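A.B. asks: In case you want the letters, here they are:
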Amino acid sequence: MKHITVSTLALCAALYGVAANAQAVTADKGGAADMVLLPKFLGILPFDQANRGAEEAHAELGNTGTLLYTGPTPENSVAGQIEILTTAGSQGQDVVMLSNNAGDQIGPAAEAAQTAGTKVVTWDSPIPSGQGETVFVAQVDFGSIGVVMADMAHSVMGGEGEFAVLSATPDAANQNAWIAAMEEALKDPKYANMKLVDTVYGDDQSEVSYNRALALVDSHPNLKLIMSPTTVGIQASAKAMQDEGLCDKVKVSGLGLPAEMVSYTMNGCAPEFALWSFVDLGYLTYYTSYMLATGKIKGEIGETFTAGRMGDYTIEEDPGRAGAKRILMGPFTVYNKDNVEAEAK
Amino acid sequence: MRQLRSTLASWEGFLLAVLVLIYLVNALNSAVFLTVGNQINMFQLSVEKIIVALVMTFVIINGEIDLSVASVMGLAACAFGWLVQAGVPGAAAVAIALAIGFLCGAFNAFFIVWFGIPSLVVTLATMIAFRGFARILVEDRGISDFPAWFDRLGQGGFIGPVPFAMVLFAVLAVLAYLLLQRTAFGRKVYFIGANRAVAEYSGLDVKMVKAKIFIASGVVSALAGLLFAARVGAVRGDIASGFELDVITMVLLGGVSIFGGAGTMSGTILAILIVLSMRNGMALQNITGHIQTGVLGVLLILSVMVPIIRETGSRMLARTR
Chain G
1 MKHITVSTLA LCAALYGVAA NAQAVTADKG GAADMVLLPK FLGILPFDQA
51 NRGAEEAHAE LGNTGTLLYT GPTPENSVAG QIEILTTAGS QGQDVVMLSN
101 NAGDQIGPAA EAAQTAGTKV VTWDSPIPSG QGETVFVAQV DFGSIGVVMA
151 DMAHSVMGGE GEFAVLSATP DAANQNAWIA AMEEALKDPK YANMKLVDTV
201 YGDDQSEVSY NRALALVDSH PNLKLIMSPT TVGIQASAKA MQDEGLCDKV
251 KVSGLGLPAE MVSYTMNGCA PEFALWSFVD LGYLTYYTSY MLATGKIKGE
301 IGETFTAGRM GDYTIEEDPG RAGAKRILMG PFTVYNKDNV EAEAK
Chain X
1 MRQLRSTLAS WEGFLLAVLV LIYLVNALNS AVFLTVGNQI NMFQLSVEKI
51 IVALVMTFVI INGEIDLSVA SVMGLAACAF GWLVQAGVPG AAAVAIALAI
101 GFLCGAFNAF FIVWFGIPSL VVTLATMIAF RGFARILVED RGISDFPAWF
151 DRLGQGGFIG PVPFAMVLFA VLAVLAYLLL QRTAFGRKVY FIGANRAVAE
201 YSGLDVKMVK AKIFIASGVV SALAGLLFAA RVGAVRGDIA SGFELDVITM
251 VLLGGVSIFG GAGTMSGTIL AILIVLSMRN GMALQNITGH IQTGVLGVLL
301 ILSVMVPIIR ETGSRMLART R
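In order, the protein sequence lines correspond to chains G and X.
Take the first sequence: its letter number 180 is residue 180 in our numbering, and every next letter is one higher.
Take the second sequence: its letter number 160 is residue 160 in our numbering, and every next letter is one higher.
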């Protein structure tokens with residue numbers, strides 16, 4: 001068995017034309033693993049981008065199994081995710097790659113899927129309790145997102161004034177962790193003159209977020225900034241401010257997609273925002289899942305593997321969730337007038 | 001032979017034929033469909049909704065509607081979570097949550113029965129209000145860490161691999177059938193639904209029957225909410241939201257008239273089986289949520305259209321004779 005592994009490694013090294021890394025495990029091409037990419041729901045761009053990354057890795061690895069991209073409708077997200085995860089277990093899928101929108105409610109279903117032999121790799125948003133989760137592929141370190149958001153707020157507001165947060169759903173584990181990290185960062189004396197006055201939720205739906213943004217402006221007359229750590233919220237807020245001609249008074253910042261934000265950055269409504277690449281996140285998640293399914297890694301802390309074009313990654317303890325494991329993708333980019341147009345193409 | 005033909009010609013007969021067809025198609029399309037594990041999953045994923053559909057059958061046959069069921073489910077589940085977190089023993093929290101369901105039902109009944117406000121209006125208002133209370137109770141966080149025995153009720157097998165909620169559904173389905181089709185109370189439910197004015201003139205205790213039904217709807221919904229909390233092991237403010245439409249869809253598909261007075265419990269149960277097996281079959285074929293919802297919509301339209309077409313058809317036939 002050991003011989004086979006060693007010779008495969010050598011073969012891979014020969015194929016890539018590079019020296020084999022002593023620690024990092026590489027994937028065997030042409031394995032068979034049936035995989036399901038399960039976003040929070042269908043119909044928004046970042047998830048489609050993640051799917052593009054997964055498809056890229058799928059083709060690159062020559063997986064003879066299937067890659068299925070399926071998700072619930074936005075109104076039925078929680079029950080729908082539970083249903084799809086459960087069905088995947090019945091179908092005998094090898095891995096479900098889940099961007100969790102159901103909080104801890106999906107824990108029992110994830111555990112049941114694991115029992116049925118289906119691994120559950122989360123990405124974008126983990127299962128808060130870690131129940132039934134093999135490993136979480138984290139886009140960026142949650143703590144560092146907090147600092148970046150605080151810094152963007154500082155820069156946009158000139159270091160003083162009132163601002164508010166417009167988040168996704170109240171139980172979105174990732175957004176909540178980022179907001180908590182930002183509140184932690186705000187304790188630094190550097191931000192002493194900035195005041196977070198409100199946190200509201202737009203349910204990651206454009207129309208709801210749009211209305212919540214306008215309501216924020218009404219209820220806080222001195223508001224200088226809306227910080228939205230979700231791609232749906234930031235775009236809806238920027239549009240709301242633009243439509244109402246409020247961009248001179250209230251700016252928007254947060255986490256957004258360059259393609260969706262470019263016009264608002266150029267016209268000054270959203271001068272700065274940040275994001276990581278969802279394509280890369282899908283790609284890395286796929287590599288992780290494929291290597292788990294083909295038995296090249298076990299999902300244990302300290303395992304290092306090579307994720308194709310993105311390089312080496314190591315499974316580590318998740319500092320935000322006791323007992324859970326993560327793979328940290330990082331880093332991310334702050335976009336402004338100077339670099340947004342190039343990225344949006 | 002004639003009896004067989006009339007059974008097949010009835011709505012229940014039609015539903016049964018559809019159900020058999022769906023099972024056949026699903027079994028041919030997926031080797032997994034007929035496995036015990038999948039059949040259990042199929043029921044368990046919707047077991048709370050189908051329990052509420054049983055009581056909704058009474059409500060609609062009685063000529064009323066209850067839109068607040070999903071919000072009562074959410075409120076009961078959130079109240080349970082809140083109480084457990086506050087240190088109340090699990091069994092007491094279950095009892096209080098059921099009592100809340102009773103009060104919700106009584107609240108609906110009070111305005112519908114004694115003030116004569118249409119149930120559509122009252123339960124639309126309480127659908128929003130009860131959901132609001134649920135959100136206030138747990139605010140914007142999730143509550144988990146329920147007692148282990150409570151989680152086991154929703155997650156593990158109770159009799160063999162069959163979970164507790166499914167056993168409960170089976171028992172309730174039999175009871176609901178007997179109550180509606182075999183008792184004086186059941187006949188009153190139909191009679192009032194068919195013509196409320198006549199029922200009142202003939203001295204029927206219309207108000208009492210309606211009040212009982214709405215209170216039962218509240219209690220059963222609270223029970224379903226608790227079962228949902230046990231199955232997913234956590235609650236938050238939006239738990240079970242939107243379920244009322246799925247519940248009503250199943251009942252109407254079962255041939256229960258939205259105008260009251262007509263329909264059967266076996267129709268509802270057949271419709272439940274059709275909706276569940278159809279959804280499960282589509283999920284096994286990897287058909288996305290949007291298409292599943294669309295197919296169910298078409299099914300509902302057909303279920304309303306077919307009886308009308310058939311009636312018009314037989315009237316035309318009678319005229320030509």
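Keep in mind that the hints were calculated from the coordinates and are not lab data.
Because the structure is a prediction, the values reported are computed rather than measured.
Errors might be hidden in some of the hints.
Said to hold, decoys possible - Among the chain X residues that face chain G by a calculated CB cut under 8 Å, a handful are: (1) L45; (2) G142; (3) Q155; (4) A234.
Stated by the list, open to error - Mimicking SDA-like on lysine to any residue, the simulated pairs with C-alpha atoms at most 25 Å apart in a straight line are: (5) K188(X) <-> G132(X); (6) K325(G) <-> A344(G); (7) K187(G) <-> V206(X); (8) K195(G) <-> R141(X); (9) K224(G) <-> P319(G); (10) K195(G) <-> E12(X); (11) K29(G) <-> L45(G); (12) K325(G) <-> L172(X); (13) K188(X) <-> L172(X); (14) K298(G) <-> G268(G); (15) K325(G) <-> R141(X).
By construction, the Cβ of each residue, glycine as well, lies at the ideal position given by its N, Cα and C atoms.
A.B. asks: For each hint, tell me whether it holds in the structure or not.
C.D. replies: Status of the hints after comparison with the structure:
{"no.": "1", "hint": "L45", "result": "holds (5 Å)"}
{"no.": "2", "hint": "G142", "result": "holds (4 Å)"}
{"no.": "3", "hint": "Q155", "result": "holds (5 Å)"}
{"no.": "4", "hint": "A234", "result": "holds (4 Å)"}
{"no.": "5", "hint": "K188(X) <-> G132(X)", "result": "violated (35 Å)"}
{"no.": "6", "hint": "K325(G) <-> A344(G)", "result": "violated (33 Å)"}
{"no.": "7", "hint": "K187(G) <-> V206(X)", "result": "violated (64 Å)"}
{"no.": "8", "hint": "K195(G) <-> R141(X)", "result": "holds (23 Å)"}
{"no.": "9", "hint": "K224(G) <-> P319(G)", "result": "violated (33 Å)"}
{"no.": "10", "hint": "K195(G) <-> E12(X)", "result": "violated (64 Å)"}
{"no.": "11", "hint": "K29(G) <-> L45(G)", "result": "violated (29 Å)"}
{"no.": "12", "hint": "K325(G) <-> L172(X)", "result": "violated (43 Å)"}
{"no.": "13", "hint": "K188(X) <-> L172(X)", "result": "holds (20 Å)"}
{"no.": "14", "hint": "K298(G) <-> G268(G)", "result": "violated (48 Å)"}
{"no.": "15", "hint": "K325(G) <-> R141(X)", "result": "holds (23 Å)"}
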